[in-house]
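**Student:** Taken in order, these protein sequences are the chains called A and B.
Under the numbering used here, read the first sequence as residues 1 to 338, first letter to last.
Under the numbering used here, read the second sequence as residues 1 to 338, first letter to last.
Bear in mind the hints are in silico, worked out from the structure with no lab data behind them.
Any given hint might turn out to be false.
Same chains, same label: a pair holds when it works inside one copy or across any pair of copies.
[Said to hold, decoys possible] Restricting the straight-line Cα-Cα distance to at most 20 Å, the calculated cross-link-like pairs of lysine to aspartate or glutamate (EDC-like) are: (1) K238 with E283; (2) K238 with E58; (3) K326 with D211; (4) K326 with D190.
Source: prediction; values computed, not measured.
Protein chains: 2
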Amino acid sequence: MSVPSCTQIVLAARPQGAVRASDFRQETVPLAEPAEGQVQLQVLYLSLDPYMRGRMDERKSYAPPVPLGHAMEGESVGRVIATRHPDYAVGDIVLARTGWRSHANVAAAGLRKLDPAAAPVSTGLGVLGMPGFTAYSGLRFIGQPRTGETVVVAAASGPVGSLVGQLAQIQGARAVGIAGGARKCAHVKDELGFDAVVDHGDPDFPALLADACPDGIDVYFENVGGAVWQAVLPLLNKYARVPVCGLIAQYDGAPAQGPDRLPATMREVLSRSLTLRGFINTEFAAHYPDFLREVGEAVASGRIRYREDIVDGLENAPRAFMGMLKGANFGKLLVRVS
Amino acid sequence: MSVPSCTQIVLAARPQGAVRASDFRQETVPLAEPAEGQVQLQVLYLSLDPYMRGRMDERKSYAPPVPLGHAMEGESVGRVIATRHPDYAVGDIVLARTGWRSHANVAAAGLRKLDPAAAPVSTGLGVLGMPGFTAYSGLRFIGQPRTGETVVVAAASGPVGSLVGQLAQIQGARAVGIAGGARKCAHVKDELGFDAVVDHGDPDFPALLADACPDGIDVYFENVGGAVWQAVLPLLNKYARVPVCGLIAQYDGAPAQGPDRLPATMREVLSRSLTLRGFINTEFAAHYPDFLREVGEAVASGRIRYREDIVDGLENAPRAFMGMLKGANFGKLLVRVS
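Pulled out of the complex, with its shape left as it was, chain A reads as follows:
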């Protein structure tokens, strides 16, 4: 019998500006036996998420960088193919941090079992996983929209934005989405049911956003940064809340040129008593069971809708990831690994 092997994508170089294909390298490595307390997984779906861009840089962030030559980090849904832990049987479907790999031995302690009868298992990486919980916790604990208020979110067809808007509506607020292109905008309005949507690629974007928010903006859920913020800032109402969970538009950016936009932002923070609050969803981990129950029920009943963008083959992960950083994905981006 041949030695079992694992395909993986490693970080080959730290990006200089925009991520390039040469920053990644595909390798085939032997797959060891699982150790006591571990299970061996065959990865079914790998999640690609904007936060991974930060892990490619050496810069200190909320988590340490991926070391050069190591597999890219990431969460996936996998099937147990060998087990050395009594709670897990071969065939179980679990959520795990395997990285960008076809197979992995992982400690059973960090796993969560998924029930394929409750929802498609891929949702554990999206609407019922980390992106969904980011939307849920940021909106509930920081944004705190009240009835009749206006909530704006960018990347509104993506896994975080799509849930932010739908949850805002459930809480009685008005949801205004920002997305790129007619196809995504139509999805946000017609399929997800946002009250309004604005195309950030339209030359009149700032004016269109103002039109879509006649009563100003009470909550801006910041997951993109960059130019969208400049259009949002003048529309923020007194006491507006800005949960900040991502800045995808500036992850790849060159060193920032002028003018310096910080003084104007600080002036508005002061004069309109704004709250800007960064967060990582793990801060609210105690509320994860509430999230799973509430959003799980709403997904099961069809009240909350979601969209996945599934790419086939681990070898295509780098290209799909680079596309996502430019907004090319349409829905939660997943790689079907096997």
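Following the hints, put chain B in place on chain A, whose structure we already have.
**Tutor:** Just chain B now, with coordinates in the frame of chain A:
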């Protein structure tokens, strides 16, 4: 008997960049009789505060601008010299929004009586007035320092900063002040009793601030903006809180040149789960009685110390105000009007 008159300083021109003497004009105008429900005041002390700079601009802020040709706005301590309201007698000392004037007729409804036996009446414009309440409310409701945490505040010899540090210590936190020049720094450390002080004019300011904050910064009380923020940002701890009550360093600024410092600020907001929260003390007005009682007792007992910088003569108000915007005052800046 000659017609009674009033001296006042009006806004003659909107500043272009730094405020100049020609932006003000002194006038003598007749003083009318007080109307029913009003009292007539002789102004004793006029308060000069950084927020007044904002009122000179046309730009929308949290309060409307002073119209050209109108008296500059401001709060003062005055003595009642005529009364048409039963609650006020000639000789009463009150806090009022008279503007930069020697005399004024004001509605009794907006006044607060001061008790000269409780504290020097000038403190009603400083440590026991609006600046003090800004320090108190921003620290208590936004900064929320915990025992052992580090609180940093700039303009630490001024009326807001000096109270922020002393209140932080009362709450069990470590107080680090930032001030300009050896004289102010010595006052902050030796008279006010801050745990450490750093001179923002020192060429090694960022490194000195880092040395003074070996455990990072948990609360940065932002009342200056500009270069100090750049030194503070890398030192902020995870979940640090930044109450923003003023930005004096950028009030006079030219249009902002590059580099654009906003992306770096937003990146830190995200990666360290920071809270930036602008506020105007009126938001917390319900807590004003608590403030007066708590801080009043601490001032009376000598536990909280304060310093006033008193300039004689209303005609010197513009020069004193311009100096304050450059940090020339040393303590709460007041004009002794009569």
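**Student:** Against each hint, give a clear statement of whether it holds in the structure.
**Tutor:** Now the hints, each set against the structure:
In the homo-oligomer, the alpha carbons of K238 and E283 lie at most 20 Å apart only across protomers (11 Å), although the nearest pairing inside one protomer, at 26 Å, exceeds that limit. Only between protomers do K238 and E58 lie at most 20 Å apart by alpha-carbon distance; the minimum there is 19 Å, versus 38 Å within a single protomer. For a Cα distance limit of 20 Å, the shortest separation of K326 from D211 qualifies neither inside one copy, at 26 Å, nor across copies, at 41 Å. Taking CA atoms no more than 20 Å apart as the test, K326 paired with D190 passes in neither setting, with 24 Å inside one copy and 55 Å between copies.
Hint check: violations occur at hints 3 and 4; the rest are consistent with the structure.
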